[in-house]
Amino acid sequence: SAIVTGKDNKIIDSYHDGIMEDNFIGGGAGNKIISDFRSVIVGGLSNVIKRTGGASLGKNVIVGGLANEITGSVEANSVVGGDGNKIYGSLLDKGSSILGGSSNVISHNRFSVIVGGYNNLLKGRTDGTDQVDFNIIGGGEANKILTKGLGGYNGIFGGDTNRIGPSNYIHEYDQIDGNFIGGGTNNAIDATYEPGVFQLYGNVVGGGKNNDIIGTSYSIIGGGINNIISSSTPGSDNVIPSGIFGGTSNT
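Residues are numbered in this note's numbering as their position in the sequence shown, beginning at 1, plus a constant of 7.
Derived from the structure by calculation, the hints contain no laboratory data.
Wrong hints could be hidden among the right ones.
[To be verified] List of simulated lysine to any residue pairs, SDA-like, C-alpha gap at most 20 Å:
(1) K57 - I10
(2) K93 - L128
(3) K93 - E76
(4) K151 - G162
(5) K57 - G37
(6) K151 - S104
(7) K66 - Y95
(8) K66 - S97
(9) K93 - S110
(10) K93 - V122
(11) K39 - I19
(12) K151 - Q182
(13) K57 - A83
(14) K130 - L157
(15) K93 - V49
(16) K17 - E28
(17) K216 - D167
(18) K57 - S8
(19) K216 - I232
(20) K17 - G34
(21) K93 - G50
(22) K101 - Y160
(23) K216 - I251
(24) K93 - S104
(25) K14 - V49
(26) K101 - R45
(27) K39 - S85
(28) K101 - V55
(29) K93 - T59
(30) K101 - I41
(31) K151 - G230
Using the sequences and the hints given, assemble the complete structure.
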């Protein structure tokens, strides 16, 4: 391991288990790599890569920015610039990136991306038993993609306070795949209001405000305000694709 230039940078072996090796810090100030493996910090201020809770394959990278963190047992994740951005998870969680922005978080995802924005969240199942892959938030503020089971290929592209996934996060299992919100404010592709097993596939909200697709699949709301598409049989797989293409308070 090596530190090249900079001030108050540290590489620390807190576990003393012989796993930590081949880490590098190049410049910046107050940056730390703690017990990780083949990881890199280049520049910036008070950035941290820290292995916690067991084995790690390492190879994590932070490039610049302020107070960015990669923690847990994750592998091959990266944060590029910005401030207060965080990636954390378990051994299966790898290949995700946060590219700029502020206070964005990726938790328990694989191969997922947040591109800029503020206070955006990608959150998967915290026990690590299911894999959540290839999700993206492309900027905006306070947008969220949440899943407690399998899920992937979901996207939110801008806007604020938009959400894909259950608001209460109490469901035992879910599968959330291929859903899309194009922007707008406070739009949601949501689970049913009941706990249990459910699926959300291939839904689209193009934009607008306060539009909701609840407990169904293959449906679309193009825009407008306060429009709702909801399954008549919550939790059922027997859904009928539906569409609302604008207007106000359509159901």
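Results of checking the hints against the structure:
no.	hint	in the structure
1	K57 - I10	holds, 16 Å
2	K93 - L128	holds, 10 Å
3	K93 - E76	holds, 5 Å
4	K151 - G162	holds, 10 Å
5	K57 - G37	holds, 14 Å
6	K151 - S104	holds, 16 Å
7	K66 - Y95	holds, 14 Å
8	K66 - S97	holds, 14 Å
9	K93 - S110	holds, 7 Å
10	K93 - V122	holds, 13 Å
11	K39 - I19	holds, 7 Å
12	K151 - Q182	holds, 16 Å
13	K57 - A83	holds, 13 Å
14	K130 - L157	holds, 12 Å
15	K93 - V49	holds, 16 Å
16	K17 - E28	holds, 13 Å
17	K216 - D167	holds, 10 Å
18	K57 - S8	holds, 15 Å
19	K216 - I232	holds, 5 Å
20	K17 - G34	holds, 11 Å
21	K93 - G50	holds, 17 Å
22	K101 - Y160	holds, 16 Å
23	K216 - I251	holds, 13 Å
24	K93 - S104	holds, 10 Å
25	K14 - V49	holds, 12 Å
26	K101 - R45	holds, 14 Å
27	K39 - S85	holds, 15 Å
28	K101 - V55	holds, 17 Å
29	K93 - T59	holds, 14 Å
30	K101 - I41	holds, 18 Å
31	K151 - G230	holds, 19 Å
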